[in-house]
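**Q** Please model the entire structure based on the sequences and the hints provided.
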Amino acid sequence: MTDGQVPGFLQRLWRLQPVESQRGRRPTLDVETVVNTAVQLADSDGLDGATLSKVAEELGVTPMSLYRYIGSKYELLQLMLDAAGVPQGPAPITSGWRDGLRLWALDLWSLYQDRPWLPRVPIYRAPSGPNQIAWLERGLAQLACSKLGWEEKLAILTLLSGYVRQSALLHNELEQGRDPGQSQSEGEREYGQALYQVVSSGQFPHTSAMLRSGALGHEPEQDDESNRGFLDGLEVIFDGIAVRIAAASEH
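Counting with our numbering, you get residues 3 to 253 for the letters of the sequence shown.
Hints in this document: simulated from the structure, not taken from any laboratory. Beta carbons: idealized from backbone N, C-alpha and C, even for Gly. Take the hints with a grain of salt, since some may be wrong.
What the hints assert, rightly or not - Simulated restraints, written as ranges between beta carbons of each label pair: (1) E139 with V238: 23 to 31 Å; (2) R70 with A248: 52 to 60 Å; (3) E175 with S46: 13 to 21 Å.
**A** Here you go:
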């Protein structure tokens, strides 16, 4: 496939150099500058701080002039998503798929903690940019030794990436809802104690029993409690993946 056959969106994502016209004024900006400016604004002010109008103001141009470089406001978000989602590196050498996918998920989790606006970007397209494909490649590498089919491997990575994204969103939103200086375990314990006062054991027997057990608000075994629930959920997912991999090995 030649560059001329590659859709404009992919050309911009992969920074392919289009054939420039010999006529007219040369552009004063490029895709890289526009996207980097938008990412910097999002890092500073969140996703709402990286609108087309604010990017244009930062660059000293009109919002309409940006369409020459990014196609649409939706495309700008996808360009930002890829540009800011740089993987930690190549697939690490691990003892097996479980350790490899755990590192993959933790690296993605860390990226979302460093840039909490990233999981808030709406997903308009399947992974298409170089950094998104690098994440995909690294994930597929962890499953390469299994006998799973491509559809199953893609389903696993879709499940994991969705879990990481949603967990990061939930974590950040709950953090914003807690009182200043209140830890996660303190917030959970306060929530559990208050809710137990109004949840009827007759109407909600299982929820009432859970609250009575003190399951919420346990002090973490390590100093960093931010990913405690996230890691627990990962292991549940991995248990299911292990069953699927074992079944594929029997055929």
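**Q** The structure should be examined with respect to each hint, and the outcome stated for every one.
**A** Hint check:
| no. | hint | result |
| --- | --- | --- |
| 1 | E139 with V238: 23 to 31 Å | holds, 26 Å |
| 2 | R70 with A248: 52 to 60 Å | holds, 53 Å |
| 3 | E175 with S46: 13 to 21 Å | holds, 20 Å |
When held up to the earlier numbered hints, the structure conflicts with none and fits them all.
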